[in-house]
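There are 2 protein chains.
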Amino acid sequence: MNTAVFGTGMVGQTIAAKLAALGHRVAVGTRDVAATLARAGSPDAWNPAFADWQRQHPDVKLATYAEAAASGEIIFNATNGAGTLPALEMAGAGNLNGKILIDISNPLDFSKGMPPSLTVCNTDSLGEQIQRAFPDVRVVKTLNTVTASLMVNPRQLADGDHHIFVSGNDAAAKAQATAILKDWFGWREVIDLGDITTARGVEMYLPLWLRLWGFTQSPNFNVKIVR
Amino acid sequence: MNTAVFGTGMVGQTIAAKLAALGHRVAVGTRDVAATLARAGSPDAWNPAFADWQRQHPDVKLATYAEAAASGEIIFNATNGAGTLPALEMAGAGNLNGKILIDISNPLDFSKGMPPSLTVCNTDSLGEQIQRAFPDVRVVKTLNTVTASLMVNPRQLADGDHHIFVSGNDAAAKAQATAILKDWFGWREVIDLGDITTARGVEMYLPLWLRLWGFTQSPNFNVKIVR
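From first to last, the protein sequence lines are chains A and B.
Following this note's numbering, the numbering of the first sequence begins with 5 at its first residue and continues without gaps.
Following this note's numbering, the numbering of the second sequence begins with 5 at its first residue and continues without gaps.
Errors might be hidden in some of the hints.
Copies of the same chain are indistinguishable here, so a pair counts whether it falls within one copy or spans any two.
[As the list claims (entries may be wrong)] Listed next, the in silico SDA-like pairs over lysine to any residue satisfying Cα-Cα at most 20 angstroms (straight line): (1) K186 with G164; (2) K116 with D199; (3) K186 with F219; (4) K116 with T201; (5) K65 with V194; (6) K186 with L41; (7) K228 with D163.
Bear in mind the hints are in silico, worked out from the structure with no lab data behind them.
Next comes chain A alone, as it looks inside the complex:
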């Protein structure tokens, strides 16, 4: 399948590498291709500069958001929360409409120090903001509750005996996203929380997730819903 991944940081690199390894065509979208390739570090600093990473993943194409969106049949949004709506604007509704947008972003606000707070929460969410701004895009919020390496390899932890969630208004889009999560990435059980307003719950889980990271001393954990 022709896929697009928005974002060149750790999450974008991880998703793009997995998609390429599965044999899909992958275009990674960025604001400014030349600037991304010239950048010495990555946006989140704890993974390789994109140019170094791309040398190890020569099949992955780097493109503008608009080019990547135009070529992708499905789009993974792995931009940071503050950059998500600008990235989608640059991609253009015409290149996105009718397609599934797997939204992995978190609306983290680092401006007030650590740990980050959220730029939107409680009565709204970034997932809903995206859906309102792009009503003809089939937004599915998922994967934002786990660290990048677990997103595409959940079986590395307790043989996958833990959970991931989907939120969205389009039942067929959620079913396709669920199939991708299971068949491509290896998730054993995907919990459908409901419509896109349920993105509030998974985004508001981040403050607990950040503290659990402090407790476990590793981001390589996840929740299992015991019932």
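Go by the hints and put chain B onto chain A.
Frame of chain A; chain B shown alone:
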């Protein structure tokens, strides 16, 4: 031990019954004793009127918040979020200072319809509001992430193979609360998230919890941190 439980609803009844069954002296605090006993239903409507419940638990005393706080060596706050600070004001700092307050409340706002939003979140929490208003009370936030029956009987679900959290500024108070959770209530592992600001995380988990309730069709679930 002499214990106090603030709140006459499902959570207050459940905690009070457990404490009494363990042989502790229990005073349940309420705003107006006569009004509580005269009330036909309970505040949350899905459990017995307090007067009916008390006939089955004759050892549990009903008292004003101030009387209950004065008699209790430890206080469990099971009021609803909107009623928490007013209840503590009525109890009086003089009756609370130096004591451990196990805060189980959630700052749920039902005024905007279902599901509820939160009255405070993101950069503050009800746990912090309580600690700021009563700086000499030893606030420990816990148990707000599970349904009442699980709070005091976690082994009923997967033999207790799931987690509960504590947040608070006072390490000794958290240690005592953790001992209560384990030795009195049966929790197998209690995760210390950090200081009282980590109450934001467990309170902001509620929107996800409410949607998980919708998914599981029962409130009798909890999270296990898989690591």
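Structure-based check of all given hints:
1. Taking the closest pair of Cα atoms, K186 and G164 come within 20 angstroms of each other only inside a single copy of the chain (11 angstroms); across copies the shortest separation is 28 angstroms, beyond that limit.
2. Within a single copy, K116 and D199 get their C-alpha atoms only as close as 31 angstroms, which misses the 20 angstroms cut-off; across copies the closest is 18 angstroms, which meets it.
3. In the homo-oligomer, the alpha carbons of K186 and F219 lie at most 20 angstroms apart only across protomers (19 angstroms), although the nearest pairing inside one protomer, at 29 angstroms, exceeds that limit.
4. Taking the shortest alpha-carbon separations for K116 and T201, only the inter-copy value of 14 angstroms comes in at or below 20 angstroms, while the best intra-copy value is 26 angstroms.
5. Taking identical chains as interchangeable, the C-alpha atoms of K65 and V194 are never at most 20 angstroms apart, the minima being 30 angstroms within one chain and 47 angstroms between chains.
6. In the homo-oligomer, the alpha carbons of K186 and L41 never lie at most 20 angstroms apart, since the shortest distance is 33 angstroms inside one protomer and 54 angstroms across protomers.
7. For the homomeric pair K228 and D163, the shortest alpha-carbon distances inside one copy (12 angstroms) and between copies (15 angstroms) are both at most 20 angstroms.
The structure does not agree with the numbered hints 5 and 6 stated previously, though it agrees with the rest.
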